[in-house]
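**Q** The lines below spell out each chain.
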Amino acid sequence: MEIPYTVTARPDTGLYNAKVGIWLFLASEVMLFGGLFSAYIFLRLGATHWPHHILNVPMGLFNTMVLISSSITMVMAWSSLKMRQFSSYRKWLGITLFCGVLFLSVKSVEYKDKFHHYGIILNSGQEITGHLAMTEEEAIHSDVLKIKPDPENAGDFLFQLKSIFSKPEGEEKVLEIPKKEIRWWSNFVPKYNTYLATYFTMTGIHALHILGGLLVLGYFWGPGAALYRTNPEHLANRVEVAGLFWHFVDLVWIFLFPTLYLF
Amino acid sequence: MDSEMSMTSQAAHGHHEGHEEISWIRKYVFSTDHKMIGYQYMVTSLFVALFAFFLMVLMRWQLSFPGKPIPIFGPILEKLLGSSMAPGGVMTPQLYNSFGAMHGTMMIFMALVPALFAGFGNFVVPLQIGAPDMAFPRLNMASFWLFFVGVLIMMVSFFVPGGAAKSGWTSYTPLADFADMGPGFHPIFNGQTLWLIGMAFNITGSLLGSVNIITTIIQLRTKGLSWMRLPVFVWSELVTAFLLLLAFPPLESAAIMQLMDRLFGTSFFSPEGLIINGKHADISGGGSSILWQHLFWFLGHPEVYVQILPTMGIVGEIFANNTRKPLWSYKVFVYSLLAIGFLSMIVWAHHMYMTGMGQAVTSFFQIFTTIISIPSVLLGTVLLLSLWGASIRFNVPMLFALAWLPMFGIGGLTGLPLGWTASDVVLHDTYYVIGHFHYMMAPASLLALFAGIYYWFPKATGRYMNEFLGKIHFWPTFIFFNGIFFPMLVQGFAGVHRRWYDGGAGWQMAQNVLWLNQVMSFSAWALAIAQIPFIINFFWSLFAGKKVTDDNPWQATTLEWATPTPPGHGNFLHPVAVYRDPYEYSVPGYKQDYLPQWEPDERLSKEGKLSQVPF
Ligand code: HEM
Ligand SMILES: [Cu+2]
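Residue numbers (the UniProt record's numbering), protein chains in the order written: chain W, 1 to 263; chain C, 1 to 615.
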């Protein structure tokens with residue numbers, strides 16, 4: 001039995017089924033991220049202290065460009081299919097996939113970087129961030145924490161850019177802080193503070209979406225592309241729908257980047 | 001064009017689609033047929049409902065006789081769950097909380113909504129719009145199985161150390177953030193975490209399901225079925241699906257954040273300086289429990305409408321059919337559904353008056369909560385006035401549908417005092433709230449559920465359910481529902497708190513309403529017994545009920561009755577088209593008192609003078 005309008009559009013709505021489906025799904029996705037963004041706003045408005053400039057802006061900016069490019073190549077892939085140019089479809093979709101992988105790689109470098117970064121909140125409420133001057137093992141058991149604090153200009157764009165490629169020079173000042181003066185210390189993992197909690201949760205869920213998108217697009221690049229031989233229009237539809245999802249995920253990042261990196 | 005062709009080729013194929021034999025597993029387990037998925041939803045949720053009902057009956061026993069062992073079931077509980085949960089067959093407060101949380105969660109998320117929205121929705125909607133199946137059959141199967149896994153996870157959670165979740169169906173933080181975290185804590189296998197994971201499955205399933213239902217209604221309506229000719233049940237499903245689509249995701253994000261709190265030590269929902277067991281909690285703080293409440297009720301409020309809207313649709317169908325008249329005003333009915341759907345998204349914080357949100361915010365929510373009762377009243381009025389001057393057929397579906405009306409009325413009216421801060425401050429968290437929402441969720445929703453089952457059973461199985469058994473199911477059910485829930489309103493006025501394990505025994509003001517506990521508990525057990533005729537009727541009728549002789553046994557007008565009985569794969573034998581409004585009953589000038597949507601005028605031959613003249 002066949003379901004009507006799987007490939008061709010219903011005349012009065014002008015849409016085929018999957019397109020209605022994906023728009024509805026994206027509406028629900030808007031609400032999913034909407035929930036997270038409202039949580040962010042709610043918590044930030046109620047916060048007494050909100051950290052700034054602890055993310056690497058050049059990296060985030062680079063990733064933003066990567067995703068925007070991937071959206072463009074995504075459209076190219078779809079339009080190639082529409083024009084029945086299979087090899088160029090393969091090429092453009094391949095670049096899209098590459099961009100997605102690149103994005104995730106940069107993201108994991110950023111994550112790893114955070115796990116090696118430490119923050120200390122003193123009883124006075126003052127916060128000191130930097131790299132440990134001892135192993136984590138030692139830090140847990142010792143009565144003092146030795147830390148190389150981040151330099152003043154750690155939030156500067158150029159400094160951050162340089163720090164991607166080389167270990168930042170600057171005096172290796174080491175602070176020694178007795179544990180009894182410390183209210184809370186940890187590396188930059190989700191539990192460090194609400195800001196990092198939102199950062200990891202939002203970008204984590206976003207990264208899962210990228211991963212999901214990559215799986216789907218990878219399928220249409222590889223085994224799923226076989227549909228081209230029997231029903232190229234159906235494949236074009238599927239790629240269009242997957243592309244809409246991909247654009248949406250890009251769009252979410254366009255909101256995440258300023259929210260988490262810049263403001 | 002393509003689809004046109006597929007339509008004709010389908011017709012050319014002849015009557016029986018898919019001649020290839022489908023394996024048993026594909027047909028009954030991993031089915032993509034919307035009807036089978038509808039049955040799967042219905043059977044699973046009826047089973048869950050029975051289970052959750054059973055939890056409640058045990059709780060009611062404990063409330064009537066605090067501190068005494070539960071006869072028969074007490075020892076079983078002790079065996080099953082261990083003597084730390086039910087020592088000597090007496091429920092511990094822990095276990096009582098578990099049962100309460102799971103009763104609520106399962107009833108709402110895994111019994112009533114799946115049955116009313118997904119069960120009936122799957123079976124009826126494609127039939128009523130003349131579609132061969134849902135728009136995405138395989139997605140449909142996935143939705144059911146996601147839901148099913150969610151149910152399994154919930155059930156299994158009774159047997160992990162510490163038992164099932166205990167923080168209520170609302171999982172309020174920070175309680176829920178730290179629940180079950182005692183000694184022997186396993187990060188995943190503990191009640192509250194499993195609750196979150198089970199809910200995530202359930203939410204994902206219902207999301208995909210609502211995408212499917214909406215797409216089906218938008219795209220697969222058959223020729224001539226314009227929006228204002230849709231049966232009201234389809235409308236109710238459409239609005240419900242939109243609520244699920246838009247309101248559930250924020251709860252999913254909240255569930256993710258609560259999981260982060262529990263597994264990775266974040267503080268989304270925990271404030272600074274939280275003290276647990278006399279010690280400062282080792283967390284960064286900076287979160288807010290009010291945030292959880294907002295995110296929860298942003299779903300939680302629409303969710304209660306997700307449950308009641310399909311019942312409105314069902315009752316509308318049955319009323320039109322058994323009054324043999326069009327609904328008093330189809331348009332008012334439809335616009336009310338839409339208005340309720342929209343408004344239900346912006347009243348959530350009326351569950352949070354006690355959190356001190358401030359004047360401006362509470363004013364907003366009071367106003368819109370009051371406004372939402374207008375379409376509700378309009379809808380009830382449509383149904384009430386539809387009865388006016390009708391010669392009603394009092395069959396079993398109609399009895400259940402009729403009883404829905406006053407129950408919905410009581411539920412709605414008792415909601416108003418809760419919608420205003422001045423009275424809610426007194427009534428909040430008392431048994432009055434429990435009484436209010438149960439009138440909606442239990443008598444109203446369940447009566448409509450039964451109405452729907454009795455009504456569509458002949459189409460689904462080709463057999464009628466037994467009328468006599470139906471009536472001895474109906475009367476005690478109707479009476480004892482009120483026996484359970486009306487006293488709750490009374491107890492609530494005496495200030496009896498909703499989650500007291502001893503049923504209020506320690507509360508001075510409650511002393512002269514305590515005897516009502518026994519009234520309620522007696523009614524609950526009687527209600528349980530009253531379901532036996534239903535269960536017998538259901539299975540007996542399935543195999544030995546009176547056979548239907550006509551595809552349209554209730555002489556109804558909507559498209560689902562144009563299919564063979566029971567409908568086969570692909571539903572309709574011929575492509576159907578729609579020629580008229582959904583409820584053309586007793587239209588003057590025709591010889592038949594009902595004009596099915598799928599019959600063109602010529603075939604219904606007006607009682608013109610000519611046709612009466614014998615040749
Ligand atoms: C005119 C319509 C309604 C109004 C004005 C209304 C009002 C309210 C208010 C203000 C509360 C919160 C009381 C409190 O916690 O202090 C409440 C609770 C509740 N209502 Fe309604 N309601 C209406 C209809 C419904 C419907 C249709 C349903 C279900 C089908 C429903 C189910 C519930 C539930 C489940 C709760 C309790 C939630 C909990 O705290 O566990 N209500 N209602
Ligand atoms: Cu509400």
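Possibly wrong hints are sitting among the right ones.
What the hints assert, rightly or not - Simulated restraints on C-beta separations:
#1 W:LYS180 - C:ASN277: 21 to 27 Å
#2 W:LEU251 - C:ASP502: 32 to 38 Å
#3 C:GLY506 - W:SER108: 37 to 43 Å
#4 W:LEU251 - C:VAL519: 56 to 62 Å
As the list claims (entries may be wrong) - One side of the interface only, derived from the structure: several residues of chain W facing chain C at Cβ under 10 Å:
#5 MET1
#6 THR6
#7 GLY21
#8 LEU43
#9 HIS49
#10 THR129
#11 ILE182
#12 SER186
#13 LEU196
Rather than coming from a laboratory, the hints here were simulated on the basis of the structure. Keep in mind the model is a prediction, meaning the values are calculated, not measured. Even glycine gets a Cβ: it sits at the ideal position worked out from N, Cα and C.
**Q** So, for every hint listed, does it hold in this structure?
**A** Hint check:
1. W:LYS180 - C:ASN277: 21 to 27 Å: With Cβ atoms ~23 Å apart, the hint holds.
2. W:LEU251 - C:ASP502: 32 to 38 Å: 54 Å Cβ-Cβ, so the 32 to 38 Å window is violated.
3. C:GLY506 - W:SER108: 37 to 43 Å: For GLY506 of chain C and SER108 of chain W the Cβ distance comes to about 56 Å; the hint is violated.
4. W:LEU251 - C:VAL519: 56 to 62 Å: The hint (56 to 62 Å, Cβ to Cβ) holds, given that LEU251 of chain W and VAL519 of chain C are roughly 58 Å apart.
5. MET1: 4 Å, holds
6. THR6: Hint on THR6 of chain W: holds, closest Cβ of chain C at ~8 Å, below 10 Å.
7. GLY21: Cβ of GLY21 of chain W sits 5 Å from chain C, so the hint holds.
8. LEU43: Holds - the Cβ of LEU43 of chain W comes within 10 Å of chain C, reaching about 7 Å at its closest.
9. HIS49: Nearest chain C Cβ about 8 Å off; hint holds.
10. THR129: Not OK, violated: THR129 of chain W not within 10 Å of chain C, min 14 Å.
11. ILE182: Since the shortest Cβ distance to chain C is 13 Å, the answer is violated.
12. SER186: Holds, about 8 Å.
13. LEU196: 8 Å, holds
This entry does not satisfy hints 2, 3, 10 and 11, going by the numbered hints stated previously.
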